[in-house]
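Chemist: Put together the whole structure using the sequences plus the hints.
Each residue of the sequence shown is one higher than the last, beginning at 0 in numbering that gives the first Met the number 0.
For the record, the hints were derived by calculation from the structure and aren't laboratory data.
Nothing here was measured: the structure is a model prediction, and the numbers come from that model.
Heads up, the beta-carbon is just placed ideally off N, CA and C, and yes, glycines get one too.
Watch out, some of these pointers could steer you wrong.
Said to hold, decoys possible - Estimated spans, in silico, between C-beta atoms of each pair:
id: 1; residue 1: S136; residue 2: A180; range: 23 to 33 Å
id: 2; residue 1: A7; residue 2: S64; range: 55 to 65 Å
id: 3; residue 1: G57; residue 2: A37; range: 27 to 37 Å
id: 4; residue 1: L11; residue 2: S177; range: 49 to 59 Å
id: 5; residue 1: P82; residue 2: S177; range: 15 to 25 Å
id: 6; residue 1: P82; residue 2: A1; range: 17 to 27 Å
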Amino acid sequence: MAVGLRRAGQVLAIAVVLALLAVLAWRVVRDSEGGASAALRRGDHPVAPNFDLERISGPGRLRLSNLRGKVVVLNLWASWCYPCIKEARVLEEGWQRWRNRGVVVVGVNAHDFVSDARRFMRSRGTTFPNVHDARASVLDAYGWTYFPETYFIRPGGRLDSAVLGEIDREALDAGIRSALAP
0 MAVGLRRAGQ VLAIAVVLAL LAVLAWRVVR DSEGGASAAL RRGDHPVAPN FDLERISGPG
60 RLRLSNLRGK VVVLNLWASW CYPCIKEARV LEEGWQRWRN RGVVVVGVNA HDFVSDARRF
120 MRSRGTTFPN VHDARASVLD AYGWTYFPET YFIRPGGRLD SAVLGEIDRE ALDAGIRSAL
180 AP
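Modeler: Take a look at the structure:
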């Protein structure tokens, strides 16, 4: 009897592992085929997915479509993400350098508590606009895989390029220059 129960437990454990692997494979295939990030990888320049989200610091909402005519540096981040901590200074300095040339840096915080995001922004002196994506809808629309990710949006609203992972000054400036090019 004990051998039968042990065998049934082993079969059940194997079935659960196989089911989890199937879900993982489905997610990888789905993510690689969809979202704005996948379109960029194919060489397309789709219209950047719009959003209308609550601002983290200060009242009101921010709608991406209201920034048409400007280059937008869209950074997806979370307060607990170590590379996000490291790149916060780079993004703030870029915002200060480029803002008078029609460039807006926008942070999209997700998978995080708003209070933690506010604390993160205060401690790093972040002054560029940031919004909270409570439902991760922006992450889904862009085909997010991990934090941080930075997207460069042309003045006409189309995606120009992306940096997956921590961004440095050179990559930030190169992305902005590319998005500004006619």
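Chemist: Mind listing which of the numbered hints don't hold for this structure, in increasing order?
Modeler: 6
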